[in-house]
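S.K.: Go ahead and model the full structure; you've got the sequences and the hints to work with.
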Amino acid sequence: AQKVTQAQTEISVVEKEDVTLDCVYETRDTTYYLFWYKQPPSGELVFLIRRNSFDEQNEISGRYSWNFQKSTSSFNFTITASQVVDSAVYFCALSEGLAGANSKLTFGKGITLSVRP
Amino acid sequence: GAVVSQHPSRVICKSGTSVKIECRSLDFQATTMFWYRQFPKQSLMLMATSNEGSKATYEQGVEKDKFLINHASLTLSTLTVTSAHPEDSSFYICSAREWASGDRSYEQYFGPGTRLTVT
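Protein chains in written order, with our numbering: chain A, 66 to 182; chain B, 159 to 277.
Quick caveat, the hints were computed from the structure, so don't treat them as lab data. Some hints here could point you the wrong way.
[Claimed, not checked] Think about it this way: if two alpha-carbon atoms lie no more than 30 Å apart in a straight line, the pair counts; the simulated DSBU-like pairs of lysine-lysine are:
| # | chain 1 | residue 1 | chain 2 | residue 2 |
| --- | --- | --- | --- | --- |
| 1 | A | K68 | A | K103 |
| 2 | A | K103 | B | K199 |
| 3 | B | K178 | A | K174 |
| 4 | A | K169 | B | K224 |
| 5 | B | K222 | B | K199 |
| 6 | B | K224 | B | K213 |
| 7 | B | K224 | A | K68 |
| 8 | B | K224 | B | K178 |
[What the hints assert, rightly or not] For the chain A half of the interface with chain B, some residues (derived, Cβ under 10 Å), not all of them:
| # | residue |
| --- | --- |
| 9 | Q71 |
| 10 | Q104 |
| 11 | E109 |
| 12 | L110 |
| 13 | F112 |
| 14 | F156 |
| 15 | A158 |
| 16 | K169 |
| 17 | F172 |
| 18 | G173 |
| 19 | K174 |
| 20 | G175 |
Where a beta carbon is used, it is the ideal one built from N, C-alpha and C, also for glycine.
M.R.: Here it is in structure tokens:
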């Protein structure tokens, strides 16, 4: 069975600080996908990144970066120079298998990030 | 990116009535649609998976007679909460998956959610 653990529940930082959101996953499959989503107060999920299990390259997109480490089953997300607009709940998610049409997306419990001015 | 719409965005109903929530993929055909439920300050919990023209597959613990799902076309799925009770009050989110056969992969898009309040 697949599982996603986001041990941090709430994080509060001051604007311009860097912050890392942790994600640890469990799966028996060798092929899987990992995701990060942002959920602002409006409730709509915003897709941030998808990474497949064969691609361990770290990725940077503007102020966002992701560190995928299969050895520790982690897929951590760092926001550099945080801004108030980054305040939201962030979910890490996992989908097992070859991403078949019905493969399920399992979400972690989410991390509430508050960025203070 | 592709867009998934949900209607209504908010609904308040009285206990005992039924409520229908629509989920549409606006610019793509969704091979699979998913329905999630989210309680305040909690994660998304998958309720059911549906494919066009076939019966939905419900997750363990989800009452199929209470949460009726119809996936009539490749762009429309509906969730009907029958005989709603206050404990059914929640944020319901649909998601539509577009299969990219060339990549043997998919893109999954989420709707904006429907906030249901049962009084």
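S.K.: Please check whether G175(A) passes as an interface residue: C-beta within 10 Å of a C-beta belonging to chain B.
M.R.: At about 5 Å, which falls below the 10 Å cut-off, the nearest Cβ of chain B leaves the hint on G175(A) intact, so it holds.
S.K.: Taking the closest Cβ pair, is E109(A) under 10 Å from chain B?
M.R.: holds, 4 Å
S.K.: Is the hinted pair K224(B) and K178(B) satisfied, with a Cα-Cα distance of at most 30 Å?
M.R.: It holds: about 12 Å lies between the C-alpha atoms, which stays within 30 Å.
S.K.: Min Cβ distance, Q104(A) to chain B: is it shorter than 10 Å?
M.R.: Since chain B brings a Cβ to about 9 Å from Q104(A), closer than 10 Å, the hint holds.
S.K.: Under the criterion of a CB-CB separation shorter than 10 Å, is F172(A) in contact with chain B as hinted?
M.R.: This interface hint holds because 5 Å falls under the 10 Å limit.
S.K.: Using the nearest Cβ pair, does K174(A) come within less than 10 Å of chain B?
M.R.: For K174(A), the interface hint holds, since the closest Cβ of chain B sits about 5 Å away, which is under 10 Å.
S.K.: Hey, does the Q71(A) contact hint survive, CB to chain B under 10 Å?
M.R.: holds, 9 Å
S.K.: Hint F156(A) vs chain B: min CB-CB distance below 10 Å?
M.R.: holds, 7 Å
S.K.: Holds or violated: is there a CB of chain B closer than 10 Å to the CB of K169(A)?
M.R.: Given a least distance of 6 Å, the restraint on K169(A) holds.
S.K.: Hey, K224(B) versus K213(B), does the alpha-carbon distance stay inside 30 Å?
M.R.: holds, 15 Å
S.K.: Under 10 Å, Cβ to Cβ, is where F112(A) needs to be relative to chain B, so tell me if that hint holds or is violated.
M.R.: holds, 7 Å
S.K.: Is the straight-line distance between the alpha-carbon of K224(B) and that of K68(A) 30 Å or less?
M.R.: With Cα atoms ~27 Å apart, K224(B) and K68(A) stay inside 30 Å; holds.
The structure meets every hint from the earlier list without exception.
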